Amino acid sequence: MNWQQLPRPHAGAAPAFADPVAAQGWLASIAALPPAGALAALGAQVDAVDGAGWSGPNVVQSLNVLRAAAVPVHALAEGDYARKALPLDEGTERIFATAERFWRHLAIAYLRAAPQCTPANRCLPLQRATHALRLAQHTAFVAGRAINAGLDPLFATALGLAEANGVLDRPLADADFPNEGKGTIAGQIAWALMLRLLDPYHLTLVQLPFANRLLRRWRELTSLQATPGTVRRAHLLDIGHLLGCPLPPEASRYLNLRSISHKLAGRIQALEAGESPEALNLGRALSTAAALRLLKDFEHHLVRRVRPGGAPAGDFELVFGAEGAYAVFKNRLLNATGRDDVSHETDVYRRPMLPSVAQAQRTTATPLKVAGEPWRCTADGGAVRAAGSTGGRHTSPCLVSAMIGKRPRLGILGSLRSTDDGSLNGEIGWLEGEIEAGCLRQLLPRGDRQLRIPAFVLRAGETLSLILPPEAGTRLGVRQDLAGMPLPDATPDEVVTRGSDFVLFACTP
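Numbering (the working numbering), first residue to last: 1244 to 1752.
These are computed hints drawn from the structure, not numbers from a lab. None of these values were measured; they are calculated from a predicted model. Please note: incorrect hints may appear among the correct ones.
Unchecked claim - Heads up, simulated EDC-like pairs for lysine to aspartate or glutamate below, C-alpha to C-alpha not over 20 Å straight-line:
no., residue 1, residue 2
1, Lys1649, Glu1560
2, Lys1506, Glu1493
3, Lys1425, Glu1463
4, Lys1539, Glu1737
5, Lys1425, Asp1442
6, Lys1327, Asp1442
7, Lys1649, Glu1675
8, Lys1425, Glu1406
9, Lys1649, Glu1677
10, Lys1327, Glu1677
11, Lys1506, Glu1463
12, Lys1506, Glu1521
13, Lys1327, Asp1732
14, Lys1327, Glu1737
15, Lys1539, Glu1515
16, Lys1649, Glu1679
17, Lys1327, Asp1663
18, Lys1539, Glu1518
19, Lys1612, Asp1664
Start from the sequences and build out the full structure, keeping to the hints where you can.
And the structure:
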């Protein structure tokens, strides 16, 4: 579609109310519905108002009432689809689709109504349309779903209409989102596009609000410009390239991130000098070390925007989880149900007269077949599981392993997202250095069994790291006794990465 062409209004039932005042009575009738049901009902009324043929001002006022009612409802519904295992099950997928559709259709309705308003009153519907587009995008990031293909042309339309009407930089307050303060359409567009650059799929549910809070405060520091000018390429974002669709003629094509880059550098310098995140208005959710790592990660994505190459490429059988990785590295099972392939690390503590762990070896040379999933990996770290492939549901970041050539490799699969056709896409960071697989000396009670806990030690130069499953209950500063590897023990000092099925610790021997 061209930049001013919107999807047709949905033909359907007439609105359940005749004006914004009457809408209050209808809202009372859906108050008892669960959040997802209420959001679906609100979305149906957005479509009805959009296709009712009312005057522009009446449409905008009615949409404002529906929007205000949706804000708290959506906040409740979000927890039902936030970072669940992918691909989403049918019920979770339905809740996500309801939320994403509501904000996307609300944006379309505001965009359609804006030209019917007087020039002096077009700023509000255009700003709320852009805000709704950002929230539709946000639902995809939270759910781990690919962005709806229809959003990008709508962002381009909002940008074109705002510039054509001279309201791109006009600040307005938003009573439904008071914590955002006064903002502009340009700021909402900048916020949405910068969040894309940060690769939000690789952020946890603690890190994503941290990123949003930062971009909310800094969104107005960016500037839109028609030409690159004299700004360094690293500080410019080509909006047309990112959106992947034609932009309106004479629209601002570049987003200048120079001020954001300077802000990030300043915060990083202050944290390295000993300032706390709270003192820098970064909140209390992250420790100083975690906030510093995350800001450096933001800097890498915003300024450099280059994906490294050199990762193993090809079709691999990825094995998920720590116990699977142990089997890949040791060619035996850690907690077997029978006697075949049982790890001798377990037997050492059940029968003390057996040989030591270091002496115990698997007696058969036959490679152990470890159940995996077919994934295609690229040299830049990308990973895809095709639609229809066999495999389980996963939550990223998660631990993966594979035999690549004759070498076992351990990696972290992150940025996981699913598409409409059911395929999974992500990125694998293969861990470098020397990796030793073993287990903890302590046992994990599980029903009537005592299970071994897999452990992995990573050595990269002078750096020592330890990977354990979350159920190990490891605490910082508490020594962990190890078995089945040369290192007898290690003491975790700091949590580097907390995944869905592993925790990566920086530690001292």
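For a quick check of understanding: which of the numbered hints are violated here, in increasing order?
Hint check: 2, 5, 10, 13, 14, 19 fail, others pass.
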